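*Asks:* Sequences listed follow chains U and Y, in order.
At the far end of the first sequence sits residue 528, using the numbering used here, and the numbering has no gaps.
At the far end of the second sequence sits residue 528, using the numbering used here, and the numbering has no gaps.
Calculated from the structure, these hints are not laboratory results.
Predicted, not measured: the structure shown is a model, and the values here were computed from it.
Glycine is no exception: its CB is placed at the ideal position from the N, C-alpha and C atoms.
Be aware that one or more of the hints could be misleading.
Claimed, not checked - Chain U stretches covered by chain Y per the calculated footprint, using a threshold of three residues with CB under 8 angstroms from any CB of chain Y:
no., stretch
1, 174–188
2, 198–210
3, 239–252
4, 338–347
Unchecked claim - For lysine-lysine, the following DSBU-like pairs were computed, each having C-alpha atoms within a straight-line distance of at most 35 angstroms:
no., chain 1, residue 1, chain 2, residue 2
5, U, Lys527, Y, Lys449
6, Y, Lys349, U, Lys457
7, Y, Lys463, U, Lys183
8, U, Lys520, Y, Lys86
9, U, Lys394, Y, Lys86
2 protein chains.
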Amino acid sequence: MLFLSQIGEEVAKLLELKAKLEDVAEVGKFTLKTPKGTRDYGPQQMALRNSVLDKIVSVFKRHGAETIDTPVFELKEVLTGKYGEDSKLIYDLADQGGESLSLRYDLTVPFARYLAMNKITNIKRYQIAKVYRRDNPAMTRGRYREFYQCDFDIAGQYDPMLPEAECVKIVSEVLDTLQIGKYVVKVNHRSILDGIFEVAGVPDDKFRTICSSVDKLDKLSWEEVKSEMINEKGLGESEAEVIGSYVRLNGGRDLVDKLMVEDTRLMASKKGRAGLEAVALLLQYCQLYGLEDVVKFDLSLARGLDYYTGVIYEAVVLGGDVGSVAGGGRYDTLVAMFDPKHRAVPCIGVSLGVERLFSVLEARAEADKKLRTTEVEVYVASAQKNLVLERLKLCKELWDANIKAEHSYKNNPKLLAQLQHCEEMGVPLVAILGQDEVARGVVKLREVVTRQETDVPRSEMVNEIRKRLQSMQKQ
Amino acid sequence: MLFLSQIGEEVAKLLELKAKLEDVAEVGKFTLKTPKGTRDYGPQQMALRNSVLDKIVSVFKRHGAETIDTPVFELKEVLTGKYGEDSKLIYDLADQGGESLSLRYDLTVPFARYLAMNKITNIKRYQIAKVYRRDNPAMTRGRYREFYQCDFDIAGQYDPMLPEAECVKIVSEVLDTLQIGKYVVKVNHRSILDGIFEVAGVPDDKFRTICSSVDKLDKLSWEEVKSEMINEKGLGESEAEVIGSYVRLNGGRDLVDKLMVEDTRLMASKKGRAGLEAVALLLQYCQLYGLEDVVKFDLSLARGLDYYTGVIYEAVVLGGDVGSVAGGGRYDTLVAMFDPKHRAVPCIGVSLGVERLFSVLEARAEADKKLRTTEVEVYVASAQKNLVLERLKLCKELWDANIKAEHSYKNNPKLLAQLQHCEEMGVPLVAILGQDEVARGVVKLREVVTRQETDVPRSEMVNEIRKRLQSMQKQ
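With the sequences and hints as input, model every part of the structure.
*Replies:* Right, dumping it as structure tokens:
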């Protein structure tokens with residue numbers, strides 16, 4: 054332990070020295086920016102994001118989900134050994150005394166930690182939060198070091214394919230409600246892949262690495278993947294060919310039925326058979342959910358993460374370059390990694406690629422330019438000078454009646470400037486006060502779009518505004 | 054630069070060695086917990102938090118606010134020199150190559166950075182996000198290292214007290230809507246304090262430190278504060294007494310009027326006079342907003358932060374031990390610290406103490422036990438075995454009609470268990486399917502509270518459910 058602390062001291066000294074040198078070097082050249090790979094979200098972006106997330110959350114709530122939240126950082130050990138090669142992308146906090154901490158890398162591992170720690174054996178929850186990856190950001194392609202994840206998971210010991218089918222249904226409802234365009238949800242089963250590897254004669258200890266190669270089929274051709282299997286992973290030509298004969302298959306229930314009836318080789322593998330039976334049941338349930346045109350059994354789907362143990366799926370937008378917008382699968386052993394007695398809590402989840410969805414919908418919104426950043430219903434304007442006190446009184450009346458209202462923070466703003474603000478911000482109504490209106494006990498109610506103005510007695514103003522807003526909403 | 058990179062390499066080698074040794078040392082003694090000073094929020098807590106935040110956001114929106122978001126970490130230099138002594142509480146990220154980063158300490162400094170960086174000169178925005186402080190957490194008193202802040206700010210060059218009055222109005226609307234109990238909003242002005250110090254003969258360079266002493270009057274007696282001023286800060290007895298004669302004053306517009314008419318000493322100070330005139334105007338505006346019973350001019354209010362330049366305020370719940378639940382003030386020079394040309398953007402803001410509000414409302418909710426964690430409207434139950442496919446079909450019908458529904462993920466759940474789940478989770482309606490109901494084309498609709506059951510034809514089910522839900526909502 055002495056040795057350890059000595060190293061610690063040396064490191065601290067060197068780091069201090071380094072910091073000093075850098076401080077000197079950097080004084081005066083402090084650039085005003087957000088950290089690499091991060092960004093601010095302005096009012097426009099937030100308005101879009103919140104409207105998208107509201108729609109997604111309403112789907113989750115329609116399916117009875119609760120929500121939880123976990124800290125942005127975890128003990129370093131919680132994340133250790135969960136992400137394989139990607140562990141190098143984890144952000145660590147500085148050692149300022151106390152525990153070793155890391156920023157969360159996804160929401161799944163903290164969720165599993167939460168379940169184990171609180172001995173929760175069943176829950177249906179969603180969580181929307183930012184995660185952190187020290188990736189080389191390719192920000193033009195929508196990849197950041199800080200980004201939102203939006204996860205829905207079902208934990209619990211349940212009967213086969215019932216939670217799976219609901220996850221697929223949720224993905225499809227989300228994509229429908231966002232009107233993202235035509236899409237398919239590809240499904241596969243880890244046991245089918247294992248069965249194929251068994252049939253092909255791949256040694257057990259190569260299952261995972263060969264699975265990773267298969268996972269690349271969405272970006273590489275079969276020839277390229279085959280060459281990786283043979284040249285990099287040491288598979289024989291004939292084994293690779295057997296794999297190739299399977300992973301190029303895709304279809305619907307007919308394909309499952311065909312394999313179950315005709316492929317005696319794959320059905321002879323216990324894993325292969327179990328996987329096929331599971332997918333057959335999943336497709337039956339999906340059909341009852343009206344998803345037969347959306348779900349596609351795709352044997353090339355492998356998914357990168359090691360922790361999947363059953364059904365896996367991925368939603369892909371067809372046409373254009375949007376690509377994958379949701380993915381997930383069953384992970385029955387992750388919670389057990391955190392439980393002192395290694396008790397398993399079976400889980401299945403889906404993670405929506407909200408950043409990608411945001412970009413697509415942002416581009417679309419920019420074309421439309423219709424998105425408002427505030428919800429102001431009435432702007433209180435004055436037509437002449439010295440009416441600020443009257444404006445304040447009017448604002449109070451509106452706020453007390455739960456009408457969204459604002460006014461200028463200038464004593465004597467110009468009427469034209471006030472009306473322009475309303476046009477820019479999309480405020481539908483203006484309540485205009487002049488000395489004449491105050492004396493007569495009325496406000497001039499102006500519809501911004503039509504520019505129609507009507508005098509309304511103050512006593513009827515709130516009701517009149519409500520009526521106008523309702524009729525505008527219906528249009 | 055060679056020297057720098059050599060140090061970097063040495064550090065990396067030593068750190069790697071240290072990490073290896075620690076890995077070995079720590080295997081097996083990993084405790085399952087969240088980091089010190091942090092916590093998970095379970096479904097109950099999240100349901101409460103979201104309902105509280107929804108109410109707060111609806112107040113912000115009623116006043117026409119937009120929202121923005123900033124990264125959870127900033128360049129270290131952005132935070133440097135903004136928090137005085139508290140800078141030691143800032144969390145730094147580990148040096149993993151690249152920029153020096155720190156977790157945000159509040160939302161105000163990132164907001165100022167955002168304004169300067171984007172050259173925004175006026176905005177009315179709210180932001181709700183977590184901030185990080187390496188404080189010694191006293192978690193029983195509701196203090197954490199990771200906690201929510203909820204800020205509303207108005208930036209822009211406006212006429213005196215118009216934004217100030219609206220901030221006070223917003224605080225009062227939030228506290229009213231949360232039914233937190235009786236409260237006052239104390240207001241004061243930094244210039245009045247400066248005027249008092251001037252009148253008392255405090256040297257200029259002691260204004261800030263004496264201001265900090267005054268700030269302690271909410272926790273310490275005047276005698277204790279006076280002793281600190283004299284013994285620790287080197288003020289004379291008579292100077293302290295003059296300060297004491299002021300900071301023990303509080304009242305309404307009458308007090309401001311009295312000081313303006315009678316206190317020729319304070320009115321002779323340019324700062325004192327300007328501050329009093331400002332507060333007089335603010336109180337007039339607040340009266341128009343119906344806040345005369347809520348706002349109190351309190352000369353002991355000082356607020357800790359250095360960056361305030363004008364009106365300051367703090368909302369305090371009366372009676373009980375809740376204390377301060379909101380605070381803020383004007384800070385006209387913070388944005389200039391980030392602008393290369395030091396252009397100022399005047400700002401005023403309020404930060405709601407949402408964690409304290411959560412604790413109070415959480416305690417209250419626990420007493421009530423009424424809070425639901427899901428919004429499920431109909432539970433789809435089966436009364437006999439082998440009805441899972443029928444349940445799936447029924448769920449689809451309900452979801453497609455935008456009715457919030459769930460069912461058991463077990464093939465053959467017991468009816469009693471299904472009904473118990475509904476009672477526990479507060480689900481109002483159950484749609485029960487038996488073989489008989491399926492054959493007759495009906496569902497048995499059960500109201501959970503009354504236990505009344507009625508057979509409803511499938512074709513009328515959705516309408517009947519909507520009708521029932523509406524009439525339940527009205528009760």
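*Asks:* Does each hint fit the structure? Answer for all of them.
*Replies:* Status of each hint after checking the structure:
1. By the rule of at least three residues with a Cβ nearer than 8 angstroms to a Cβ of chain Y, the coverage given for the stretch 174–188 of chain U holds, with 6 such residues.
2. Proximity of the stretch 198–210 of chain U to chain Y, defined as three or more residues with a beta carbon under 8 angstroms from a beta carbon of that chain, is established by the 3 residues found.
3. Here the stretch 239–252 of chain U counts 0 residues with a CB under 8 angstroms from a CB of chain Y, which misses the bar of 3, and the coverage is violated.
4. With a cut-off of 8 angstroms between beta carbons, the stretch 338–347 of chain U has 4 residues touching chain Y; three or more are needed, and the interface restraint holds.
5. A threshold of 35 angstroms between alpha carbons decides the hint, and for Lys527 (chain U) with Lys449 (chain Y) the separation of about 28 angstroms falls inside it, so the pair holds.
6. A C-alpha spacing of about 27 angstroms is found between Lys349 (chain Y) and Lys457 (chain U), which places the hinted pair at or below 35 angstroms, so the restraint holds.
7. A C-alpha spacing of about 33 angstroms is found between Lys463 (chain Y) and Lys183 (chain U), which places the hinted pair at or below 35 angstroms, so the restraint holds.
8. For a cut-off of 35 angstroms, the pair hint linking Lys520 (chain U) to Lys86 (chain Y) is broken: about 54 angstroms separates their Cα positions.
9. For the given pair, Lys394 (chain U) sits about 16 angstroms from Lys86 (chain Y) by alpha-carbon distance, which is consistent with the 35 angstroms threshold.
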